[in-house]
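Undergrad: Got two chains here, separate frames each, mind docking them using the hints?
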Amino acid sequence: MNRLIIALLLLVLSFPAIAEITAIVGGKVHTVGPQGTLDDAIIIIADGRIQSVGKGLAVPAGAQIIEAGGKIITPGLFSPVGQLGLVEVGLSAGPVDSEQRGENFTAGFDVADAYNRRSTLIAINRIEGVTRAAITPSPGYPDDTGTKGHVLSGLAAVVNLGDDNILDRRGAAMVVTLGEGGSFFAGGTRAGAWLVLRNALDEAADYRDHRADFERGLRRDYRHGIADLEALQGVIAGSIPILVSVDRASDMEILIDLTRDYGLKAIISGGSEAWMVADKLAAAGISVVLATTSNLPRSFDSINARRGAATILVDAGVRVALADSQSETHNARNITQSAGNAVGDGLAWDAALRAITLTPAEIYGVADLVGSIEAGKAADVVIWPADPFELTTYPDQVLINGVIIPMISRQTLLRDRYLQTDSEKPPAYRK
Amino acid sequence: MNTKSAALATIALFFCACDKSSDDAGPAPYSSRYEAMPASTTLISGATVLTGAGDRLDNADVLISDGKIVAVGVGLRADNAAVVEAAGKWVTPGIIDVHSHLGVYASPGTNSHSDGNEMTAPVTAEVWAEHSVWPNDPGFVTALAGGVTALQILPGSANLIGGRGVTLKNIPGRNVMDMKFPGAPYGMKMACGENPKRVYGSRNQAPATRMGNVAGYRAAWIAATDYRDKLAAAEKGQGEPPIRDLKLETLVGVLDGEILVHNHCYRADEMSIMLDIAKEFGYKVTAFHHAVESYKIADLLAEADTCSAMWADWWGFKMEAYDGIRENAAIVDRAGACAIIHSDSGLGIQILNQETAKVMGAAARAGIDIPPERAVQWITRNAAKSLGIDDVTGTLEAGKMADVVIWNGNPFSVYTRVEWVYIDGALAYERGNNSVNPVTDFTLGTASATGGAQ
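Residue numbers (this note's numbering), protein chains in the order written: chain S, 1 to 431; chain X, 1 to 454.
Just so you know, the hints here were simulated from the structure itself, not pulled from any lab data.
Mixed in with the good hints there might be a few duds.
A short, non-exhaustive set of chain X residues, derived as facing chain S with CB atoms under 8 Å [as the list claims (entries may be wrong)]:
1) Tyr295
2) Glu303
3) Trp315
4) Gly316
5) Phe317
6) Glu327
7) Gly346
8) Ala364
Calculated lysine-lysine pairs in the DSS-like style (CA-CA distance at most 27 Å, straight line) [unchecked claim]:
9) X/Lys318 <-> S/Lys431
10) S/Lys28 <-> S/Lys55
11) X/Lys247 <-> X/Lys318
12) X/Lys247 <-> S/Lys148
13) X/Lys247 <-> X/Lys284
14) X/Lys247 <-> X/Lys230
Some chain S residues judged to face chain X by a derived CB distance under 10 Å, without partners named [unchecked claim]:
15) Val87
16) Ser294
17) Asn295
18) Asn341
19) Phe389
20) Ile408
21) Gln411
22) Leu419
We treat Cβ as the ideally placed atom computed from N, Cα and C, and that holds for glycine.
In isolation and in its complexed conformation, chain X is listed as follows (with noise of 0.2 Å):
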């Protein structure tokens, strides 16, 4: 484990350590009881692998034992190895989606599924997500056949501050804690713009207007600053310590860089005043989603060096919305800010990979040449970096999690299809073959498990 997944584990404790039931030999309450599934030594074997930290090689192979990337490289032997002909194929790292309600959004959308949003006040941080994710959305099951490893689960932009998000390796579990990406640190969710003004102005409640938006951000963070300051000060013996409280807790996580900050926000001039409420309480924006005019600040985020988690080209269903256009995450990347393709959907969840090529062709249109490579890194390393596990997954590199994806072609062809998807080594998916592949107990006897979801 080098530094950062120490700081993670570190991170991890601070936040049961509020548990006096920790003390007891099992995992904290809500931690991480991901288990790998059983793997072997796997070669695969000359392919064509973007490695997804910038490195295209032709011909080359990508050694896994023990669930970790051993090597990658031209001409690697291993004894013992099954392996896989890869010949004609393409190689990356697990496609990851920093941006889905997945299992608090599941299918069938019914009323009975909506448990994104609790829209019962603008500032809601002490939900966290995991706590709504029914893992047997199938829609787990049909990002695993489009490549996705792992996601963050999101709660919805009805709320200034909606709540914790979760990152999870996309492996259905019987509950959330078998799902979470071990050592990954919380996200929190916020909101700019038309959700939260449009929610609550509706019922003559703040925020009515942009401007209240503002305002409930900074009454949150005043309130977060001064728990922590009468925490630290109970810390030192001055006073007793307030009592606990979820809300201010999950904000006083982020103010310590602990929890990061995923800011659903489309507009330029609102993500620029959200920088400016950052540097006035001592945070990091980690990513805007959405950031449909990133483009047009992309100097900005670099210097603040915000990512941008972004849409290939849905645009205009809303005014903020308007200014969408399919350079977008482009232009972004040419700045040197962080570009990720993300997708908030279902759907679009499975296709990450054609999202991106879309936003390639644009880019070539307009003068910008990415490589596959690079674009790769959209849906892979800057994702990872973004959800804070960019250390232990996002690229194909030695001693990282075996979270690799064999695609029958070159994944940013609209005709290619992934073949085999491995998480921490083990065969978590191949096409077509209903013997490996997993089935939600939700889709049991339909198409969906009869090879439906392809």
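In isolation and in its complexed conformation, chain S is listed as follows (with noise of 0.2 Å):
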């Protein structure tokens, strides 16, 4: 196996790190855009941006060349909600650095600012065509002290999983988590939450009006810091919606009441009875990040939890983005398990491709950049030899900002030594 990383080495040293002029030549491109799907066409890239797609284009001299005849070819995928890059191993090992705890911070919290581009799920995760990714704080349930997290758990950002300019948008997102887990962080009822969430904006919205007052200490003090007041503006401007996670409908009910008297956007993550309250979410512009799969009733709030939900949310015309519970931080790859089980579900394909990219990129305001294969765009392209749902699919080749990624992650290499089994050395001298 070596010489299958030598082989891809050598792959990735031959061409510089940031080509000029990039063509991928053949294949049928899904564009997600207005361009709809194109058989055999070419993907023109330079400097890192879509130059061009379409059918018979000229290649310019020079462009270097892949060739992707017969191979399926879409936008790079969009993971909408996770940990990536702020959690290395989860349980008593960490880094954790999604969940902020005790009282100095709430909304304020950014997570833009531990992430960590070199974690060892970056490699894992794009080399599977994952390129961007909304990584969100957590609520803090309790530590070893007993200290515990906050109904407003902070500010999501939207980065790219390439090797530099990774971050695409910070305060994507301020991340709030209402109903049962809500009530657990507001003293035990989820009206508490409620409470907490709309004392926050009611604060943020005095603060605006009357900064300076509050600087000359004019003003009453409030229960939040400066810096979460600072953090709460773009929500009660509507520039950053409120991502939500809740999971039954009565909930989602005071959602909506709650967008139109604060004039909030917002999302939902998580939505186990979202598909109940279908008709109210579109009208209201609520989009929701969708865990796919979860059918159980995992609480009393989820008693309603099904299969084909992602099919009656977009029939209703929500922006659904696809998710899958258990799976949205090591194998945010999953992705594409997720959009398969949409698919068998009901979902149309191409519905269920947008559900993974061009709808999380419009969800966090960040569809002018990414999302789909259009000219002015960044250059995420995975390369496929077959349909990207199927289970038995990995990608050929992912690009990041048109950058050629190295196939390698750290499991693709513990996967390449334990192959051999003719060594005579132990493993560690296996290279």
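TA: If you want it as structure tokens, here you go:
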């Protein structure tokens, strides 16, 4: 297997780190953009961006050519929730940089400053097609000292899984835990969690309207610190959506009222019972990051969880990004399995691909940058040998911002080491 | 009944011989009271059949009668058989999950339903998972919709020795006895690594380290050996028998080869040590569960005839899972060791076919070809082997229980769904047909009862 690694390294080394112009020639291109699906198309990439995509394009002289005849080509996949780059090992090992506990900060906690592009999780997930991710704070359940987190967990960010200029959008969403989870952080009832959220929004608005008085000490003290109130300004201005972890339909109905009262943008995360209020969510413009295959009543909040919810939501006009409640971080790569299962449960194939590419980019306000293969967008492209949703399919090549990613991870290195059975030396001597 | 079944029956007798009331006509306490549902003669016609015994038969038929497989082959005929036209469909043995906590960690996952870990002492061999099983766990039904016909319910992994596991037929009953797989031996759960040392170490109690774990297992086996010796001596008239001890009774069952060890263990180095402990005390590790690093010691596992029950790709959620790779099961299989894909999850158990497919794809990428007829064994025959029920289920062979799944396509495609599930020849599930499908008491009136579980 050493030969394979060397071949891969040669492949990588044979291209400069950033090609000036790269052409992907041939293949069936699912642009997920206005051009739809193109057979036997050509993608021209210049300086990390899609310059053009279409049939019969002229390949500029000197362009590096990636032959993709017979392949399936999609935009890079977008992981819509999780802790990529924030968590290495979850339990008893760390680092875990997604959970802010204690009294210092709530809404102001910003995961962008904790992201580690060198985490082993990054290569493991990007070689399977994930090129962008919303990285989200998680609610801090009590640590060893009993200190716990908050209804407002802080700011999510959008990153790319490349090696340079990794931060796409700071403050992409404000993470809020409501429902049964929220009640835990708010003193025992879900109504208390709503109160915490409304109080934070009210204080943020008061601070906005009386900032000068506040700074002169002419305004009452707030429960929240300045960093938190500053972080909430985008939320009350409607430029930062709240990403609300909630499963029960009744909580979603209250959320609809709250977004109307405060002029908020909202995304539901989890959403076990969202299908029951699909029309209302569509009318309110609330998106759903769906735990696609979670069909068990994990708690009384998800008593009506079911398969096939993605189809109902999409048919109702709700923007849906597909996730997997069991594998949103270490196995963010499994969103292809979520997409395939959504199709198996009735969703159209193209809609499923959109739900793991363009829709999450729209939800987090970065659709002008990524999510589809369109001129001007970042060149995140995945070349697949077959249907990307099929469980047996792995990408041949991934490009992020036009960079040809080495298709190597710590897991492929472990695999290659232990595929060698003829070595007389201990594994540590097998390179 | 072949010799092995007879042996299992003997085991069952051994374990209830202790109960004086078993002289009565009724079933012995705690023994299986499972009764197959009414079944008719059925001919599944024209399907792609993966037998679980290693064969793939195209355009083949499966004949079921009296709850048993009668024949598998091409061009079968049977008078009075209900014919299931299955052209374009695939047929496999019923899926078997060797690692489930359905019923003992039932949905909804409230504290009230936390019945899987007797976290009160590091060795609790005296507890039996079956005494925690809640048959109304809606997860049994969703698992059935995923083709699962038999499953082992295990205690959790907080303890070095967590207690007895139980193998069930996946037909929700009124109590666990109604579900117990007839003749199946008991399993016993052991756990390596982080969980026991974290649970007890955090209480300043042994074990707090991996070496403490090992000392704990050995102490338990020493006590069990002593108990067994005293029982044997008393049998020969040398001294009084010891007072009956449920904990030691289970451990002696393992030493006597009648209870099968299912050992939660992630790391290759720890699994190797566990094999040595088994050698020291003369028992067998039937299967390592989770076995995230089995690929590093596949040869040792083959030599020990120990199965590995693995996830496709769970990794990194704790340190001992950090070296997980998708090719694990394929490398184990390639070495001639017994590979199983398990779930440990109410969601994963519904898609064991999909989890298997992920390994097939990863294996192909690594140059290991695993065709469907081989892969299916990881969730059927090999699973049955590790539960000691492979003589009666796990493959589509004449004389075995008619535990059969019909899929609407290749089961290793993400788009494929289960269409029909037969358990002992009876139709237990039909996709989309609420008049056929079970609904647990708990889910009455919810989406799960009206198609939500699909």
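Undergrad: The structure should be examined with respect to each hint, and the outcome stated for every one.
TA: Consistency of the hints with the structure:
no. : hint                  : result
1   : Tyr295                : holds, 5 Å
2   : Glu303                : violated, 14 Å
3   : Trp315                : holds, 6 Å
4   : Gly316                : holds, 4 Å
5   : Phe317                : holds, 5 Å
6   : Glu327                : holds, 5 Å
7   : Gly346                : holds, 5 Å
8   : Ala364                : holds, 7 Å
9   : X/Lys318 <-> S/Lys431 : holds, 26 Å
10  : S/Lys28 <-> S/Lys55   : holds, 10 Å
11  : X/Lys247 <-> X/Lys318 : violated, 30 Å
12  : X/Lys247 <-> S/Lys148 : violated, 39 Å
13  : X/Lys247 <-> X/Lys284 : holds, 18 Å
14  : X/Lys247 <-> X/Lys230 : holds, 15 Å
15  : Val87                 : holds, 8 Å
16  : Ser294                : holds, 6 Å
17  : Asn295                : holds, 6 Å
18  : Asn341                : holds, 6 Å
19  : Phe389                : holds, 6 Å
20  : Ile408                : violated, 13 Å
21  : Gln411                : holds, 5 Å
22  : Leu419                : holds, 6 Å
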